[in-house]
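S.K.: Sequence:
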Amino acid sequence: MSDKESAPHKGRKKNPEGRMALKAHLVEARNRLFVALIALVLGTVGGFFLYDDVLKLIIEPVRQYGGEVTFTSVMGPFDIMLKTSLLLGLIFSAPVWIYQLWAFIVPGLKKKERNTALAFAAAAAPLFILGVGMAYWVLPHALKFFISLSPDTAKTLLSTDNYLPFVFRLLIAFGLAMLAPVLMVGLNLIGVLKAKLIMKHWRITVFLIALVAAMAAPGGDAITMFALAGPLFITFATATLICHFNDRKREKKNAAMESANAASANEASTLPEAPDLP
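Numbering (this note's numbering), first residue to last: 126 to 403.
Source of the hints: derived by calculation from the structure; they are not laboratory data. Possibly wrong hints are sitting among the right ones.
[Said to hold, decoys possible] If you anchor each label on the Cβ, the simulated ranges turn out as follows:
| hint | residue 1 | residue 2 | range |
| --- | --- | --- | --- |
| 1 | 294 | 272 | 14 to 24 Å |
| 2 | 211 | 258 | 12 to 22 Å |
| 3 | 378 | 188 | 53 to 63 Å |
| 4 | 298 | 391 | 15 to 25 Å |
| 5 | 273 | 316 | 42 to 52 Å |
| 6 | 329 | 370 | 30 to 40 Å |
| 7 | 312 | 273 | 36 to 46 Å |
| 8 | 148 | 355 | 41 to 51 Å |
| 9 | 355 | 279 | 31 to 41 Å |
For every residue, glycine included, the Cβ atom is placed at its ideal position computed from N, Cα and C.
Start from the sequences, fold in the hints, and give me the full structure.
M.R.: Following this line, the structure appears as structure tokens:
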């Protein structure tokens, strides 16, 4: 093996925790942001080809309950095409930008913590897509409730300027909500968020999850609300358990290091002093 090939391994041995200077962090952040943006652009371009089919899927629930979606400006179709394609690009590129985000955090972790972080981050993209799918599943239920409030003598006409941003916010909000457990584990691995703190405020977490599920299912449908809240509770519980086990490992390791340091100090104090030279 050449000196150049062995250099990274030597650097890792000298710097096992992957510490980096501030300038190196900024350069890495710029590079990873660039990669994420390239993936987003490519995903958006791919979204252009699926624009018609996706728009039909979004508008179909409105027509199903007797409503209509209309464009109110000349530039409306083009504007909606861009927004829809960008949303699809965000979904398609989720594995890339989520990985880039985690790869930026990972070098600051120790080797064992890095392996755990990468394993959990691998589930982040499917969780984001699952959240988007859950939002689309609940969309007809929400529309059914709101459209049912219209009197029988009136026809529901929804402007794309109001309806589609509502749908996009719903999809992204649920996708990001499913990423929250990943963020919890990441903060725990870098020592910012402790499992004890999460469990101490578990009532607030339960309330927030129930509130999000209730807002997404405004029709008062209890079955829909529990169907949405269930996956959120499971992912948060899983993240809490991972944080708990990680804290226990960290405490055991710190205790072992303190014990070894104390033993070394005691051994050093019992050594006989060297005799004075004449």
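S.K.: Does each hint fit the structure? Answer for all of them.
M.R.: Do the hints match the structure? See the list:
| no. | hint | result |
| --- | --- | --- |
| 1 | 294 x 272: 14 to 24 Å | holds, 19 Å |
| 2 | 211 x 258: 12 to 22 Å | holds, 19 Å |
| 3 | 378 x 188: 53 to 63 Å | holds, 59 Å |
| 4 | 298 x 391: 15 to 25 Å | violated, 57 Å |
| 5 | 273 x 316: 42 to 52 Å | holds, 50 Å |
| 6 | 329 x 370: 30 to 40 Å | violated, 22 Å |
| 7 | 312 x 273: 36 to 46 Å | holds, 42 Å |
| 8 | 148 x 355: 41 to 51 Å | holds, 46 Å |
| 9 | 355 x 279: 31 to 41 Å | holds, 36 Å |
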